[in-house]
Structure formats: structure tokens, C-alpha cells
Amino acid sequence: MHCIRPFLVLIPLLLTSVVRADDARPNILFIAIDDQNDWIGCLGGHPQVQTPHIDRLAARGTLFTNAHCQSPLCNPSRTSLLTGMRPSTTGVYGLAPWFREVDELRDLVTLPQYLSQHGYRTLSAGKIFHGNIDRRSEQTEFYEYGPSSGIGAKPEKKLVETPNPHPLVDWGTFPHEDKDKGDWQVATWAVDKLEGEMPQPFFLAAGFFLPHVPCYATQQWFDLYPEDSLLLPPVRHDDRDDTPRFSWYLHWKLPEPRLKFLEEADQWTNLVRSYLACTSFVDSQVGRILDALDASGHADNTIVVLWSDHGWHLGEKLITGKNTLWDRGTRVPLIFAGPGVSAGGRCHEPAELLDIYPTLVDLCGLPTKDGLEGHSLVPQLTLANTPREWPAITTHNQHNHGIRTSRWRYIQYADGSEELYDMVADPHEWDNLATNSAYGEVIEELRGHLPTINTHAVPGSAHRILLYDNGQPNWEGEDIEADDPIPEL
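Position in the sequence shown counted from 1, then plus 92, gives you this note's numbering.
Don't take each hint at face value.
[What the hints assert, rightly or not] With a cut-off of at most 25 Å between alpha-carbon atoms, the simulated DSS-like pairs for lysine-lysine come out as follows: (1) K271 to K250; (2) K352 to K461; (3) K271 to K246; (4) K352 to K285; (5) K271 to K249; (6) K271 to K285; (7) K271 to K345; (8) K352 to K249.
Since the hints were made in silico from the structure, they are not lab data.
Note that this is a predicted model, so its numbers are computed, not measured.
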């Protein structure tokens, strides 16, 4: 009997602790930034960028300095992050379709849905899923929606005329106020929610539109970057001489202009300045939300995750925009802070946006979610230098993959052509080593990480879709012939 009593007493204590753990599950503040590359102060992507609020978030949490997207395009990247599946698995490669419109994918349980199933109140404003299409979904992704993402104030007419006119491809400043911008409204909504009575636990998502084009910012943010002292990104005009022709097919005909136009039209400095100004403006809105979290009393029990869906070129590799498998197109800010996360951590191991879903499930103490293709980052959030056995993998259209390790960037295109860069010795990816036989073993090892599933583009795929069937490249419905000149060069 004396042996049994302590055991019987322990049972209710254990049950009580489990109930308390459920009640004390951490909140989540989920901050997304659109088209934000590594031009963030704590990432060192541009030496002049000013992002004090994102930097202070990194200081109080763990920064992943080698984090990469799963696709260098909004819809497939966000679909991957929020479903926990690779683009090469789902077949979602373009700006359309919405994955719920695909029979095989319509019942996938997204991150906010999974959290909702386990007692979280889910709220969203701005751009979390691509194009705000989740607001029209038959399945409710979030319990409550705030303002949708948008540009806000616009000039009466475009400020810059580009070779392939598009209403979104524009940049510069004009008379308006920060409060007139869509991102200001998203931040205000988040601040109001944090200042009010929030149900516990909550998953509060705020998605910013900038620095996505059009890169419009008010004059105060342009003043941070005087034109006469602004540094442009380093480029080599022969940079594409050693890249396969197939590399051009990933961004064959796009509204984003080439570097050639920026130089000839004297717009390179203006675009770089506009992008930096927009980045600093968005940083200020992140700061407003972080200040509200600190004042709310929830900070000690709230996990903050900040991420971007992909990077953006500003002249590097002779282009602007996304749609590439190089670091400028794939490297993104990824920061975790809050309970269960070490402060001041800097993890240099490769990480993926795909890892966010299982990491949050892990941090929140929820049951393991089957079918997720990422891996929890909790070991690195505990001790930043914990090794990872997986590289970061980025995919853009079927059979085009980039593999990023701590040292190497390997790319294989659908026609079998390859690139290899030593990212320690050559961080600008200027010297393609793929044809150098001395690196044969390195390439062979990296090939072993290529996805084994390469799903064809799903029905309804559109916008920036590259097909390669029976040896014939096809861009947006038009065949590309071997002797076709590269557009705009």
C-alpha cells in the first residue's frame, strides 16, 4: 500500500500539468513581407539598409542567416509554406491556380487550419496567401479577416515607363502620407487587435505588400538614402556568359525590366533607392506591431515569426525581379523570437520556409502533423549552431531546382544543364564551377538532394509557367526555339 499511494497521488498532478500546458500554449504573431530579399540590416545584404525594428527582433530571438524560399514566386512559395509541401510535390508553380481549386489538393490542412483545430483563434490581415484568394475560399483559412493587402495611395500616372508596361512595375516617390498606404492599414489593424481583448491562444497574421512593386514610399524614407552616396549592388556584365541558356527560360518574358534598361534609362539608382525606402517603411510598420505586442502584456507568451516569400534582384545576374534559383532570388529573412527560442541566436545552417509549419507545431506542443515535408527548427532555436542534415531546396517550375548548403549553391535545370558556386569564396555567384571536373564529387553529392517527386504543373497553371516536355521549352504557351534571341538583350 505504501508503494501505491505516491503513484495514485501523482496521477492527478500529471493531469493538472497537462491541462495547464494546454491553457498556456503560446500565442503566435506571424509577420510576412512580400518580395523582401536579404537587404536587411542583420543579414548584411546591403551595407546601407536601415531596418532597426527587424534587427531588434533578431536580437531578441534567433536569426537564420541562410534561409531560403521553396519557390521564387508568390503563389507557389506561400502555398508551400502554408501547406507544408514542396512545389515539386503539389505541382503548384505559377501565380494560378489557388490550390483549393485542384482536386488532389483541395482538402490539405493549412497551418492556420491546423492551429484552429487545436484551439487557436486565427486572424489575418494583408497578404498571407497569394492574392487574398483565401478570403473567397469555401474552406475558411482564418476565423477572422482584417483589411486586405493593397498598394494604397498611387500617383495619377506611372512614374517610370518600362519596356513591358505593367501597372505594378513602377517605383519612386510622389506626395502622399504613410497612413495612406495599405501596409499602414494592415499594421494599424494588428496594433488595434493587440491593444484589445484577444482570445488565448491566438494566431495573428499580418502580411505586408511592400517592397513588392510598385515601390512607392514617402519622401522621408527616400531621405534615408541620399542619391549621391547610394551604393548599387555589385554586378559583372559578363556574369551570364557561363550560365546555361536554359537559365534565361525561367524569366524569359516578364514585366520586370533587365539591367540593360535600368542603365540606359538612368533608372538603376532610382529603383535601388525606392526598394530600400520601401524596405525601411515596412520595417517601421513591423516596429509598430512589435511595440503593441510589448505593451499588450502578451510578449512573454507570444512566438514571433517574421519571413518573406522570396528574394528580388536589383540588377544582379543582369535582371530585376524574382524567378531565379540564385541566392538573390531565394535568400530571405527568417526570424523566430519568444518562448522556446534563444535570444541572440544566429544560425548559419541552411533553413527553408517549409520548416516554419513543423517548427510552430513543435514549439506549441501540438500533435505531430503527418505529411509535412519540412523539418522542425527547434534544435537550432535552442542552440543556433546545431548542425542540420538537410539543405535548402528551391524549385521554379517542373524539374528546375536549386540546392543550397552552408558552402555550395547547386542548380539543375530541366534540360540537365547545371551550375555550381562556392558561396564562401564566391558569394556573388560569378564563377560557375559546374564544368570543372575537379568538382565532380561535390556535384554528385548535391545531386543526391534533388527532389525525387517532380509533379507536372497542375491543371489551370498560369502566369510564369515554363514547360519542358519532349525536349521543347515552352513559356506561357509559346515554344522557345534554340535560336530565339533572349528578350530585351
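Each hint tested on the structure:
1. K271 to K250: holds (21 Å)
2. K352 to K461: Not OK: K352 and K461 at ~47 Å, beyond 25 Å, violated.
3. K271 to K246: holds (13 Å)
4. K352 to K285: Violated, at roughly 46 Å.
5. K271 to K249: Status holds; Cα separation ~20 Å.
6. K271 to K285: Holds, because 18 Å separates the two Cα atoms, which is no more than 25 Å.
7. K271 to K345: The given pair, whose Cα atoms are some 35 Å apart, is violated under the 25 Å limit.
8. K352 to K249: holds (24 Å)
Figure legend: structure checked against the earlier numbered hints; hints not met, in rising order: 2, 4, 7.
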